[in-house]
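*Asks:* Counted from 1, the sequence shown has number 46 at position 46 by full-length UniProt numbering; the numbering is strictly sequential.
If you're looking for bench data, these hints aren't it; they were derived computationally from the structure. For glycine and all other residues, C-beta sits at the position ideal for the given N, C-alpha and C. Hints may contain errors.
Pair ranges (Cβ atoms, derived) [stated by the list, open to error]:
#, residue 1, residue 2, range
1, Ala31, Arg122, 42 to 52 Å
2, Phe117, Arg93, 23 to 33 Å
3, Arg68, Val96, 26 to 36 Å
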Amino acid sequence: MARKSARPGGHDDDAPVFVISVAAELAGMHAQTLRQYDRLGLVSPSRTRGGGRRYSTRDVELLREVQRLSQEGVSLAGIQRILDLENHVAALRSRVEELSAELASAQAALSSGARVFAVGPRGEIMAVRPGQRPPRATSSQALVVWRPGR
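Sequences are here, hints too, so could you generate the full structure?
*Replies:* Take a look at the structure:
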């Protein structure tokens, strides 16, 4: 999964800056090969309003990886599967980091002696300090009916 990373000097790896001819030259390929990879969904560059392709530094790196795998004899379908699996692994690693941070937070709350639990705004169970309320949801879907005198 593509993650944004700013390089020194403020350059963003995900910024679509290269036209197809420049990207092809940087990747060491023909522009027609880049068009084919785009049609197959291997490398999908950004588009201008006029429909022109704009490649980022990350796209060029991905083109080089596709070329390397192709030269090693991997079919285009195999390359697509490899890229899909790599994106899935990146998403899972990100989720593991989120869960690890959540676990560390819960462990810190437990180590401070607080063993009070509450339901959070999305229905999750969360540890809170005694007397503390969980954060409220930003918008409520609840309907309250008031009937005076009954």
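*Asks:* Taking the earlier hints as the rules, which of them does this structure contradict?
*Replies:* none
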